[in-house]
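Novice: Now for the letters of each chain:
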Amino acid sequence: MRLLTHNMLSSNIKGVTNGFPLGIEVEKVIEKQVDFNPDFLKNMLLKIEWKALVDASRSLGYAELPEEAPESSVIDSDDFLRKLHHALLELHLEEGALVCPQTGRKFPVNKGIPNMLLHEDEV
Amino acid sequence: MKLKQLESLLGDLQQFSNPKVELEQYPTGPHIASRLLYTAENSFGDVSNKVVADFGCGCGTLGAAAALLGAEQVLAFDIDTESLELASENAEELELDINFVQCDISNLVWRGQIVDTVVMNPPFGTRKKGVDMDFLCVALKVASQAVYSLHKTSTRDHVRRAALRDFNASSAEVLCELQFDVPQLYKFHKKKEVNIAVDLWRFVPKRNQGKVL
Ligand SMILES: C[S@@+](CC[C@H](N)C(=O)[O-])C[C@H]1O[C@@H](n2cnc3c(N)ncnc32)[C@H](O)[C@@H]1O
Numbered sequence: 311m312r313l314l315t316h317n318m319l320s321s322n323i324k325g326v327t328n329g330f331p332l333g334i335e336v337e338k339v340i341e342k343q344v345d346f347n348p349d350f351l352k353n354m355l356l357k358i359e360w361k362a363l364v365d366a367s368r369s370l371g372y373a374e375l376p377e378e379a380p381e382s383s384v385i386d387s388d389d390f391l392r393k394l395h396h397a398l399l400e401l402h403l404e405e406g407a408l409v410c411p412q413t414g415r416k417f418p419v420n421k422g423i424p425n426m427l428l429h430e431d432e433v
Numbered sequence: 321m322k323l324k325q326l327e328s329l330l331g332d333l334q335q336f337s338n339p340k341v342e343l344e345q346y347p348t349g350p351h352i353a354s355r356l357l358y359t360a361e362n363s364f365g366d367v368s369n370k371v372v373a374d375f376g377c378g379c380g381t382l383g384a385a386a387a388l389l390g391a392e393q394v395l396a397f398d399i400d401t402e403s404l405e406l407a408s409e410n411a412e413e414l415e416l417d418i419n420f421v422q423c424d425i426s427n428l429v430w431r432g433q434i435v436d437t438v439v440m441n442p443p444f445g446t447r448k449k450g451v452d453m454d455f456l457c458v459a460l461k462v463a464s465q466a467v468y469s470l471h472k473t474s475t476r477d478h479v480r481r482a483a484l485r486d487f488n489a490s491s492a493e494v495l496c497e498l499q500f501d502v503p504q505l506y507k508f509h510k511k512k513e514v515n516i517a518v519d520l521w522r523f524v525p526k527r528n529q530g531k532v533l
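Here the protein sequences come in this chain order: Z and L.
In terms of the working numbering, the first sequence opens at residue 311 and continues consecutively.
In terms of the working numbering, the second sequence opens at residue 321 and continues consecutively.
Note that these hints are calculated values from the structure, not bench results.
Below are the DSBU-like pairs computed for lysine-lysine, each with C-alpha atoms no more than 30 Å apart in a straight line:
#	chain 1	residue 1	chain 2	residue 2
1	Z	LYS352	L	LYS461
2	L	LYS340	Z	LYS421
3	Z	LYS357	Z	LYS421
Small disclaimer: the values here were computed from a predicted structure and weren't measured.
Excised from the complex, chain L in its bound form (with noise of 0.2 Å):
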């Protein structure tokens, strides 16, 4: 599938009518969520026949984008039951097989590494601090092959050392910067929209198969 038809099929999926300012639940954009999968698949072939993971799955746009460039099981897992249903309704739409889960990622256990590659845009931190950082060290846990996922610029430095050092990531890498619009959902922004600097991040975890997390 070429990236303009992806961007264009994940530009039909509905959005969050009642985000919650707590969770943070503002899109991943067509855009952005068309690059990152695009991006995985086709520069490192981390999606196509694979286990992938969508964490914080909210509208199920990753999910969603990875499922249509063929990932073999995709699961997308958020603490919040109306983007659950959201996210379903979507993938419905689409005609796209996904596997649900409801928890906080903060707190899930798992055994071992069935899932290859973890794709997300985690809540950024902003309303309850370091969720950012609790969602990184469970993906690094989690996924045996890649983890993809996106984080304020400003933060740069912090992650890095934070995957390398405490998370037993092997390596972290900046594939690019990108524009991120945080419409204006919540009544704290003044501008109609705000637009923030993130990076697209791709980890690569050290090996642990088969113990339990």
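Chain Z extracted, bound-state conformation (with noise of 0.2 Å):
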């Protein structure tokens, strides 16, 4: 499970209300190369919430990533491009768990697949 998968999924237990984003439990992390594309980056910065990601990627053992949200005069810099590149695409979640903020639920993530199933009584 890319991070990318990880900036979008919330916790879909019935009564939460705050399920993003989801705690990470590592078990295994992987990491594939994948081809570097400045613009597609650049877009997905508008979209992301930094936050969530600068964390995840921590959990995954990746600390490069800028604290605070990058101004616009970082953005085009290559060393960031790469950084958010490899944070973003390149580290996966192989084996695990995410974890629902509010309640500790965990979602377990097998063979890099993350399980948002629920149980009936949590629909």
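The task is to assemble the complex, starting from two chains supplied on their own in separate frames and drawing on the hints.
Specialist: Here is the structure:
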């Protein structure tokens, strides 16, 4: 599971009002190289929740992203975009869990696939 | 990539071996899947360099087609473990990089509109009433650019009304009418193959960027 996916998913348990961002429990992280596309990344910057991405990348052991959302002057820097690229698209949570921030309920991640299915009493 | 080439690559994908009736698991054939994605890319520019989501990915045909046409990231969702395994084998076979999520589309909660385009062949709602409309409702919430979907032609007026009035679509257009072969997967189908008329739709969502959905 890429952090791109993490940035989009929210806990969907009935009654949960603050389901984003999901916590991360790590068992195994892998890295896969993908092509670098600066225009795509700049466009994604408008859509992602910065803090959630920074925290998630730290959970996966990558601490290179700046704490604060980048200023527009930084956005064009190659160095910054490469870090963003790595955090958003190259890191994968292969085994572990996503954790609902409100209830602590865990959604397992196996073979890189998060399982967001709910039990009957959670719908 | 040419349409013929796309269709032929999709023709090599494995299909459901034990389709589950209650989930309406029939494959989107290579003919329809290639046309859907080819139109989305060549007439509207909704695929290459975009984030594309495939809802109810099944064998993964639509997501694979999006990746083949240059989608930057493809996210594929299904409720069923075996579908996801099949779709990931198919992706591997074609050396495509696809992000899978297991979920019930009807109760998935998303933050914002990271996805540009949704492509889907939802269950037609013949087993579980209204599930086709659930898919459309969610798709129109998460897509920032367009939703492509197949619905039975017999439901055309209903689909248009629901999309425009209830699901916040700013436009709903039938691009073409197709024949969908539902193979004799299920015992209750008396004929070998049931041929039903389906519409290929393109919906445009209204902008609601940044809102938690
Ligand atoms: C008509 S098939 C789609 C076929 C697919 N496009 C392909 O290329 O094979 C419908 C798919 O939706 C899935 N599905 C049914 N209900 C669902 C739900 N509530 N949430 C997510 N997926 C669902 C089924 O498992 C099935 O794979």
